[in-house]
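Take a look at the letters that make up each chain.
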Amino acid sequence: MLSLLWRRRQWRSRFLPVLVIAAASAACRAQERPYFVTYSHEMEEPGNLEIEMFSVIGRPPGGNRFLGSTTEFEYGAKAWWTTEFYLDGQSTWHDSTIFTGYRWENRFRPLLREHRINPVIYVEYENTSADKALREVVGHDGRPDFYDSNADARADKERELELKLILGSNFRGWNLSENFIAEKNLGGGPWEFGYALAASRPLKLAASAHKCAFCREKFMAGAEMYGGLGDWHSFGTRLTSHYLGPAIGWSAPNGMTLSFSPQFGLNDYSLPRLYRFGVQYEIEQIVNRFRRGE
Amino acid sequence: MKRGRPWLLTIMILTIAVLACGVADGSWMRHVPAKDHERKNPYEGQADAVAAGRLVYEDHCSQCHGENAQGTKKRPSLKSQRVQEEATVGDLHWLLVNGNMGRGMPSWSKLGDPQIWQVITYVKTLNK
Numbered sequence: 001m002l003s004l005l006w007r008r009r010q011w012r013s014r015f016l017p018v019l020v021i022a023a024a025s026a027a028c029r030a031q032e033r034p035y036f037v038t039y040s041h042e043m044e045e046p047g048n049l050e051i052e053m054f055s056v057i058g059r060p061p062g063g064n065r066f067l068g069s070t071t072e073f074e075y076g077a078k079a080w081w082t083t084e085f086y087l088d089g090q091s092t093w094h095d096s097t098i099f100t101g102y103r104w105e106n107r108f109r110p111l112l113r114e115h116r117i118n119p120v121i122y123v124e125y126e127n128t129s130a131d132k133a134l135r136e137v138v139g140h141d142g143r144p145d146f147y148d149s150n151a152d153a154r155a156d157k158e159r160e161l162e163l164k165l166i167l168g169s170n171f172r173g174w175n176l177s178e179n180f181i182a183e184k185n186l187g188g189g190p191w192e193f194g195y196a197l198a199a200s201r202p203l204k205l206a207a208s209a210h211k212c213a214f215c216r217e218k219f220m221a222g223a224e225m226y227g228g229l230g231d232w233h234s235f236g237t238r239l240t241s242h243y244l245g246p247a248i249g250w251s252a253p254n255g256m257t258l259s260f261s262p263q264f265g266l267n268d269y270s271l272p273r274l275y276r277f278g279v280q281y282e283i284e285q286i287v288n289r290f291r292r293g294e
Numbered sequence: 001m002k003r004g005r006p007w008l009l010t011i012m013i014l015t016i017a018v019l020a021c022g023v024a025d026g027s028w029m030r031h032v033p034a035k036d037h038e039r040k041n042p043y044e045g046q047a048d049a050v051a052a053g054r055l056v057y058e059d060h061c062s063q064c065h066g067e068n069a070q071g072t073k074k075r076p077s078l079k080s081q082r083v084q085e086e087a088t089v090g091d092l093h094w095l096l097v098n099g100n101m102g103r104g105m106p107s108w109s110k111l112g113d114p115q116i117w118q119v120i121t122y123v124k125t126l127n128k
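Here the protein sequences line up with chains V and R, keeping their order.
According to our numbering, the first sequence holds residues 1 to 294 in order.
According to our numbering, the second sequence holds residues 1 to 128 in order.
Quick caveat, the hints were computed from the structure, so don't treat them as lab data.
Even for Gly, the Cβ is constructed at its ideal location relative to N, Cα and C.
Please note that a few of the clues may not be correct.
Straight line, CA to CA, 27 Å or less: simulated DSS-like cross-link-like pairs of lysine-lysine [said to hold, decoys possible]:
#	chain 1	residue 1	chain 2	residue 2
1	V	LYS78	R	LYS73
2	R	LYS79	R	LYS128
3	R	LYS79	R	LYS35
4	V	LYS211	R	LYS128
5	V	LYS211	R	LYS79
6	R	LYS128	R	LYS74
7	V	LYS204	R	LYS40
8	R	LYS40	R	LYS79
9	R	LYS40	R	LYS128
10	V	LYS157	V	LYS184
11	V	LYS78	R	LYS79
12	R	LYS73	R	LYS128
13	R	LYS74	V	LYS78
Here are some chain V residues pointing at chain R (derived, C-beta under 10 Å) [what the hints assert, rightly or not]:
#	residue
14	TRP80
15	GLU114
16	ASN170
17	SER208
18	ALA209
Same shape as in the complex, but just chain V (with noise of 0.2 Å):
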């Protein structure tokens, strides 16, 4: 046991102050659209790691309030393929903290040129339960999931392969995008099926001439709009969720970037509010780095 324990010292002590110098020294800066449900088409750059935590506070109605939590882990396999595994995580008032689960999705750019439309596969297997992140909205999700204790809601396992066609176009400076959703819980239950729409442009598109934190062009603002639409025996928008609101970004000097965006149910089925932040650190290069030993 006391060797474990030194072990484990021992790992802390040599492996993490590397990790920590690799990253301060190789964080580029990314330039990530503000969008928290909706995927682009743009792809993590071949060979950089980026670290996401993206984060939402809610409450319904009469219950009480939750702070979901994914961290995320981003890895540019190939310039035509991106792999990402997830934590998640949420809190709840007046309840519990609790580990909900875990993804692992990889989106492929089958097209290797730019079009007017770009298409992109994605496929994701997900094993979580009590999950109040609201990465996405498919199916019947709605307000009445929010309201079973985090005990109750975990014992509802959810083994969920899902599988998005994600459209973009850019565009004169502005990225337009569109996902459409299909998800399947492995253990039974019809297919579930969601949209999400996302559109941003930098605040200004040439860069500068000189270092600055807050030129325009660090800036992105854009909307994003996502939601349900039923599943295989009752495909439509009764008894759905939808969401629209407004989102921002900023590309920090360090190579962080951060994001906002309050959002508004649009129905009675939905949350009235969410509040969605978002912290991104990409660091570059990473397996060549510690091949090299920098």
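Given the coordinates of chain V, assemble chain R onto it according to the supplied hints.
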């Protein structure tokens, strides 16, 4: 046990090898449409654009092509004759928008046209 098809494997390996050699020697330039090849850089000769392009380069390109654009083990130098003389600014713009994804060069369309032209303005000054 079912036998494999060695001729199919050979053809696949040869095809990949030919494609890899093709893109490595800059054959992407042959795919650039004439109208893109002829495009002019609206920022050409502007000192501010060179300075801005250098900053964009440092943020997005230096990680692969090196701080001084000298290239790295797997990524080409941008001071080469191909980039500096053979490729027009229109060719480079096309490459940055479309990428060369089979060879690890991503599309940079997310930067938008002005920043792409600024980077090209900077890159074309590298040997001056």
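Structure-based check of each hint:
no. : hint                : verdict
1   : V/LYS78 / R/LYS73   : holds, 17 Å
2   : R/LYS79 / R/LYS128  : holds, 10 Å
3   : R/LYS79 / R/LYS35   : holds, 25 Å
4   : V/LYS211 / R/LYS128 : holds, 23 Å
5   : V/LYS211 / R/LYS79  : holds, 24 Å
6   : R/LYS128 / R/LYS74  : holds, 25 Å
7   : V/LYS204 / R/LYS40  : holds, 22 Å
8   : R/LYS40 / R/LYS79   : holds, 20 Å
9   : R/LYS40 / R/LYS128  : holds, 20 Å
10  : V/LYS157 / V/LYS184 : holds, 13 Å
11  : V/LYS78 / R/LYS79   : holds, 25 Å
12  : R/LYS73 / R/LYS128  : holds, 24 Å
13  : R/LYS74 / V/LYS78   : holds, 13 Å
14  : TRP80               : holds, 5 Å
15  : GLU114              : holds, 5 Å
16  : ASN170              : holds, 4 Å
17  : SER208              : holds, 6 Å
18  : ALA209              : holds, 4 Å
Of the numbered hints given earlier, the model fails none.
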